[in-house]
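Residues per chain are reported as follows:
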Amino acid sequence: MTGLPPVRVEKALGLMPELEALDPLRALVVSLSRPDERALWSSSGPYLTLGKRGVHPDEVRRRMQQAFHRIVGHLQALYREYVDALEAQQRGDAAGVVSALLRAGRLEEGVGRFTQAQAWYDVALQVGQALQDRRPEVECLRALGHASLALGKNADGARHFQRALALAEAEFDQAGATAACEGLGDAALAQGQWAGAQAWYSRGLRLAEAAGDGSRAGRLERQLGVLARKQGDLAAAGDFLRRARERFESAGSADETARVLNEQGQLDAQLGRHGPAAAAYREALAWSQRATRDPGLELSVRLNLAQLDLEAGRLLEAEAELRRAEQVAIADNAMRRLVQVYTLMGRLRGVQADETGFVFFEQAIELAKALDRSLATEAQVYLAYGLFRSRLGQQDEARAYLERAREIFDSLGEAVGRERVEAELRALSA
Amino acid sequence: MTPPLRVESSPRSAGPRREEVALLRILVVAGEGTRAAGLLQNLRQWADDGRLELDSAPDLPRAVRQLAGARWDLVVAVLGEHPDDDLAWWVDTLRGVPGSPRLLAAAPTPSMGLVLRAEKAGVLDVLSLPLRRDDLMAALERIRSAAAETALPLPPVEAQAVGPYALVGQSPAMLDVYKLLARVAGSAATVLVQGESGTGKEVVARALHVNGPKATGAFVAVNCAAIPENLLESELFGHEKGAFTGAVTRKIGRFEQAAGGTLFLDEIADMSLALQAKILRAVQEREIERVGGAEAIPVDVRMIAATNRDLKEAIQQGRFREDLYYRLAVVTIRLPRLGERGDDLVLLTAYFVRQFAERYGKQIHAISDRALDLLRGHAWVGNVRELRNVIERAVIVGGEDVLRAEHLPEELRGEAVTLADRPQGGLLTLAEIEARHIARVLAHTNGQIGAAAEILGIHRNTLTRKMKEYGL
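Chains as they are written, first to last, in numbering that gives the first Met the number 0: chain A, 0 to 429; chain B, 0 to 471.
Quick caveat, the hints were computed from the structure, so don't treat them as lab data.
A portion of the hints provided could be inaccurate.
Cβ-Cβ distance ranges computed for the label pairs, FRET-style [claimed, not checked]:
#1 Gln44(B) / Arg105(A): 40 to 46 Å
#2 Glu357(B) / Lys368(A): 42 to 48 Å
#3 Asp353(A) / Glu321(B): 29 to 35 Å
#4 Leu18(A) / Glu357(B): 51 to 57 Å
#5 Ala330(A) / Glu157(B): 43 to 49 Å
Note that CB positions come from ideal geometry on N, CA and C, so glycine has one too.
Could you build the full structure based on these sequences and the hints that come with them?
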């Protein structure tokens, strides 16, 4: 330490051009940032966001080596997979080539690089399509489907899964067909096509049960529970989630149990049962601790817990939970989740009629703009920002933000989001 | 809410009667396998002597279920292969559990770092495995002795209401503030309020406003440190529609909103030099321009500024304009730290307990002697704001007519009930004593390194180095 004050993250990131090669450096700067300890109890303390945290150049310099190590490790693993593919090519093993390329894609997915993963899967698919055995091709299509969904390209995802299903059925590949049904259900769910999602999940569940694939059956039951909740059939939702939970708990699957409990919490919250909902979330967190570390899962549970507290008027608890989530999101560079954290924090300030809460929405928008495939996320922030302004009686600004949200949802063809914005705009005009 | 400890009374001859010793409900989370079975067997053997009621859970998730279903006094958790992570999860899990059970962690060979982190988190104790009866009984004794609390009625408080806040306190330091406030409130003079974070600068600014010549106008507060630098100018001066990307509508700034009233610029030292120049112009010329606008708009506002920084030092470092300082500091009011206000702490505590009890529909009329001791012994680096936070949480957690030590945050409770010295039964090395003392001071200052360094009398860089060395 030089004794000089740290540089604010908003300044630090302002000095960095938007280059892909600098993504790891950006992540390093964010994860090393600390709140200014002088600000913790100051009147600006409650409004601390990522931009107001500080980072010491010395610390970045010291930790750069670790970042390089991780980058080199990732590249080495990718190169090794490529060489494996090359060797398989040399010995005429096309299925081996596909496997190696898929592994490379999964490595990219593991570090959140879905566009790059897609590129590997595209190459794998080209090789797989030439094979007599269609199962590698099915696997490529499923991988592409998942990557497309992760990138928010739901229609593309559905197309890949549809093709995978047709091929798997032709090949009597039951496991491939079940997985494709699950993917098709996910794509339909993401597009708000409840009936379609239900049909695909139900079909997948029948196939999984016939094949004795308990793990996939449990996942499909969980998704059917999610769907039933969204459709308002809360009794059916409870039934599906109970069955999924029994499956996963008896199999000792900690991460899946945590996911089911996270859904159970949302169901209980929708039923107005705040106590059981909080208990379900707390138990979900406990299970997630036993599973392989998955910050995304932990953050999802913490955000749900904060939302529950917010809706129950337990504002102190909501804020404390959001600050914990913020810490996890920053440490793990989970920027999409951080956008959600700040959006909820802004909502919380809106409930308190605290106008300065706008700083959270501004920070969320700035983060969302910097994210790849973030338009839907950005639209969600504008929607919440509009509602915040409306709550404070600033109708013109509220309308402007809601219209911006509608514009983005329109450009994405997001019917569900658009309808929600329309309803809010109508309420504003009434 | 039922008391955490049930005392059963029936006659017995010598010493403290067995039935008078409080029964403790303990949840043991030891995992599975022979070691866990051994631990449970030992605890069951000691349960009768120790007046313990035991139950067990195999792991954290199942324990969460049991914690939600009944009331417990203590959780004995065996930490796994990653004791630091496990401990953090346990602390997080027990936060908000009804009855605020204490945590007693056990590990085969607890490290110094683990023990110190546990201490900071308010953990009752960290014991080595295999568990020794005497260590356990000593930890239980600390819970029991902490439970013997006497209720003290809350004293009456005369509070001077200031909008949503109030001026509370009768200490000499605050009486000086009141006198100065009374002298300057009636004028329209610009006032600079200085004081550490949480000392009540905004409350004083509001008091100046409501007792001043512009009391009928609005009181508009802007927190200069909270707002992103690129937005602060438009927040203060407003903007015209289309002035920049994101200027979706015309915006009236805070200067204009405060017209005929008071503009309170909080944390003024956090403003950029460029913006300071614009503020100076507004103060001098009493007019502003909206961002993207060409028209000069006259503004008639009383300005009050506040900071927790030393502005003269900031001037020397070239981070604050000297001319603006003299414009703002026509009158300077310096607010004392909570630590300098003596028994104001008790009055403020009583005031906040009543305020939050009313807000949350609780019937709290007293505070326990131990809770008050813990409050008196804390460093309060966040001053009144920190006290207010602590009391609000305590009122939410508490449910009876008495605010007890168990309702206070674990960090505060941890300051009084410290862990037993390590290594067990042995003498500590100089480094261990230093590490332990640093951890205690950090717990005392809520982890604030600057404040801790000041207490320890060392430079903050030295403290940072030592913290790294000891894994704190």
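Original post:
Does 51 to 57 Å hold as the CB distance between Leu18(A) and Glu357(B), or does it fail?
Top reply: 56 Å, holds
Original post:
Between Glu357(B) and Lys368(A), does the beta-carbon spacing fit 42 to 48 Å?
Top reply: For Lys368(A) against Glu357(B), whose Cβ atoms are near 44 Å apart, the range 42 to 48 Å holds.
Subject >> Glu321(B) and Asp353(A) - C-beta distance against the hinted 29 to 35 Å >> reply: 34 Å, holds
Subject >> Supplied distance hint 43 to 49 Å, evaluated on CB atoms of Ala330(A) and Glu157(B) >> reply: 47 Å, holds
Original post:
Quick one: are Gln44(B) and Arg105(A) within 40 to 46 Å, going by C-beta?
Top reply: Violated, since Gln44(B) and Arg105(A) (Cβ atoms, about 52 Å apart) do not stay within the stated range.
In terms of the numbered hints stated before, the structure departs from hint 1 and from no other.
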